[in-house]
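Undergrad: Okay, here's what each chain looks like letter by letter:
Protein chains: 2
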Amino acid sequence: MLGTVLYSPGDIRCEEVAEPEILHPTDAIVKLAATCICGSDLWPYRGLQPLNGPTHMGHEYCGMVVEVGSAVTTVKPGQFVVGSFCCSDNTCPHCRFGFPSSCENREFMSRAQAPLLRVPLADGTLVATPHMPDDDLIPSLLAVSDVLGTGWYAADAARVRPGGTAVIVGDGAVGLMGVLAAKQMGAERIVAMSRHKSRQDLALEFGATHIVSERGDDGVARVKDLTGGIGADSVLECVGTQESMAQAIASARPGGSIGFVGVPHGVELDGQQLFFAQKSLLGGPAPVRRFLPDLIDLVMSRRIDPGKVFDLEVPLPDVAEGYRAMDERRAIKTLLRLS
Amino acid sequence: MLGTVLYSPGDIRCEEVAEPEILHPTDAIVKLAATCICGSDLWPYRGLQPLNGPTHMGHEYCGMVVEVGSAVTTVKPGQFVVGSFCCSDNTCPHCRFGFPSSCENREFMSRAQAPLLRVPLADGTLVATPHMPDDDLIPSLLAVSDVLGTGWYAADAARVRPGGTAVIVGDGAVGLMGVLAAKQMGAERIVAMSRHKSRQDLALEFGATHIVSERGDDGVARVKDLTGGIGADSVLECVGTQESMAQAIASARPGGSIGFVGVPHGVELDGQQLFFAQKSLLGGPAPVRRFLPDLIDLVMSRRIDPGKVFDLEVPLPDVAEGYRAMDERRAIKTLLRLS
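Respectively, the protein sequence lines represent chains R and C.
Going by full-length UniProt numbering, the first residue of the first sequence is number 1, and it counts up by one from there.
Going by full-length UniProt numbering, the first residue of the second sequence is number 1, and it counts up by one from there.
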């Protein structure tokens, strides 16, 4: 079959790779309905994260189970499933505490930019839809697997509450999903920080009530203006740089909460500044598995349409164009068609 | 009257100072029943925090109102009151959000190591006891003003829950109050990290179920042992050094919470480590005013006895011995008698 392999920064290829096989009794093989490129794939693509030789890419997926290992009991061939980018047993103490992305048996998914995927810990990782979804729901179900689940976690970690104010730092795909999540959680004012027209439009469609195009101190000042000088109850940090983290912390009110889901690169926090800022911080790899049943239900009942975040679709063999478009910010997020 | 003045590191004096007067209509003058020395007073005493000339010391207080400004309506002369080390109006958005220590009109108290004290923002800052307290309750009411309120906030910020596990890093007075708070909040396992017999004993008296005398990686390993490898739900960081913060973060379980109330000195946090640790952080100057009514009630009804944290009492003129004893860790916390 075809699959994508990153050879070196900028050199992503679609080439013949081995089909996956059941390696452990807890595995399942899933025939993917679609897959996609993640903002986090751009870190190694841009040379900002070390590569250990050619690397199979992709960790977002949904599709039909075609084979299961002998120990798998909760999903079976023929079912449509969605899984997290992070495989988890869903039974260990960390999973039961709501943090499956810190599962004692955690495995980060890879190799999902391909038609067939081996999913470890299938019982814990996969959630089946109640029936076969209509084709037009595939992008949204695919989004649940990571980008929506991560934006949702940002809102959850930032303790978005009905009636509250949420600020979203970052207008990438995760940030836009954070807007959608804040809307679903009942935030009254949702401030999307974005300077790109197409992303601003999508943010407004997902529920943003205000757009702030300024960044840094100017952006913080605008948030303060919008909140009567107080600052936001909740801030979703969806970038991962020193500047975006500083902006997120400064935008929150004292006692407010920052959920950070942009993997920090080069971010240092001064303890005493954080102390006197008096703001709550929680971040990490999103515990998507915790949210899967609810998010699948929201999509299947057509109450949310996160699939709109995909503004480019290319066939798998054209994956290089998908990466380039995201790298150059011509595309928010690229869906890879598998047939 | 007599009051304490810090002239330079190690040089604390009790000398004649001016009596306070009403400066603003919102002020009250309180005749203190007792006052004390705070662990945070040791930072400048040890030369670890810059001094701008001779500095009047003290920020913990309780006593009887003797005079109020023309705008004060909620307390009156003759009432016994307790206030926070941080004066607040109790009406601004930050106060109403539960963070009076970030009040828009915040003033940090000083000059409380003296018989008479001017309290700004008296309506917002002071809470009267329902009746004149018995003399033996004075140390506990004094503790409410800061050391208990701060330990309480550490437990609150660390989201201590009934049935949960709480680890307290730091066996100073605040840490010991954190033990008491965790007990009151229903923690089932309370691990006090302490290597000093007298402090271990007091921790056990306040409700600790386990004592861990190891520090650093060894201390973390012991906490992991005690929690089946999982880590603690809640960690109270009551020191403020790089080592103690690292120990606190490492002791918490993924998804667990760290409340940090030791003012950080030289603490740097790596964003990416914090991300993958996936633990919640909240710290800051304790919003003691939020807790005052409940804590006063707990003391007045004799359900808690935080005053036991004072293991040394000296008359105000002997304040230098009080500082020395705490600096040399001969005393946990020194109460200063005013009459």
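Don't take each hint at face value.
[What the hints assert, rightly or not] Computed spacing ranges between beta-carbons, pair by pair:
no. : chain 1 : residue 1 : chain 2 : residue 2 : range
1   : R       : Q273      : C       : E214      : 29 to 37 angstroms
2   : R       : R302      : C       : H265      : 39 to 47 angstroms
3   : C       : L51       : R       : E214      : 48 to 56 angstroms
4   : C       : G228      : R       : M1        : 37 to 45 angstroms
5   : C       : D225      : R       : T91       : 20 to 28 angstroms
6   : R       : K31       : C       : G98       : 48 to 56 angstroms
[Stated by the list, open to error] Some chain R residues well away from chain C (every beta-carbon gap over 12 angstroms; in silico):
no. : residue
7   : I22
8   : E107
9   : D134
10  : L204
11  : D225
12  : T227
13  : D270
14  : P293
15  : M300
No lab work stands behind these hints: they were computed from the structure.
Yeah, the Cβ is synthetic: ideal placement off N, Cα and C, and Gly gets one too.
Undergrad: Decide, hint by hint, whether the structure agrees.
TA: Hint-by-hint comparison with the structure:
Here the CB-CB span from Q273 of chain R to E214 of chain C is close to 30 angstroms, well matched to the stated 29 to 37 angstroms. Our hint of 39 to 47 angstroms for R302 of chain R and H265 of chain C is violated, since their Cβ atoms are close to 54 angstroms apart. Judged by the Cβ atoms, the range 48 to 56 angstroms given for L51 of chain C and E214 of chain R is violated: they are separated by roughly 40 angstroms. Here the CB-CB span from G228 of chain C to M1 of chain R is close to 43 angstroms, well matched to the stated 37 to 45 angstroms.
For D225 of chain C and T91 of chain R, the hinted distance range of 20 to 28 angstroms is satisfied, since their beta carbons lie about 22 angstroms from each other. Checked against the hint of 48 to 56 angstroms, the pair K31 of chain R and G98 of chain C passes, with Cβ atoms roughly 51 angstroms apart. Distance check for I22 of chain R against chain C: the nearest CB is about 29 angstroms away, which clears 12 angstroms, and the non-interface claim stands. For E107 of chain R, the non-interface assignment is confirmed: its Cβ lies about 15 angstroms from the closest Cβ of chain C, beyond the 12 angstroms cut-off.
Distance check on D134 of chain R: its Cβ is at least 35 angstroms (rounded) from any Cβ of chain C, clearing the 12 angstroms threshold; non-interface status holds. Residue-level check passed: L204 of chain R sits 27 angstroms from the nearest beta carbon of chain C, beyond 12 angstroms. At the 12 angstroms boundary, the C-beta of D225 of chain R stays outside the reach of chain C, the nearest C-beta of that chain being 15 angstroms off. Remark: the non-interface label on T227 of chain R conflicts with the geometry, its nearest Cβ contact in chain C lying 9 angstroms away (cut-off 12 angstroms).
Chain C draws D270 of chain R into its interface by the beta-carbon criterion, the shortest separation being 6 angstroms against a cut-off of 12 angstroms. No Cβ of chain C approaches the Cβ of P293 of chain R within 12 angstroms, the least distance being about 18 angstroms, so the stated non-interface status holds. Against the 12 angstroms criterion, M300 of chain R stays outside the reach of chain C, whose nearest CB is about 28 angstroms from its own CB.
The structure does not agree with the numbered hints 2, 3, 12, 13 stated previously, though it agrees with the rest.
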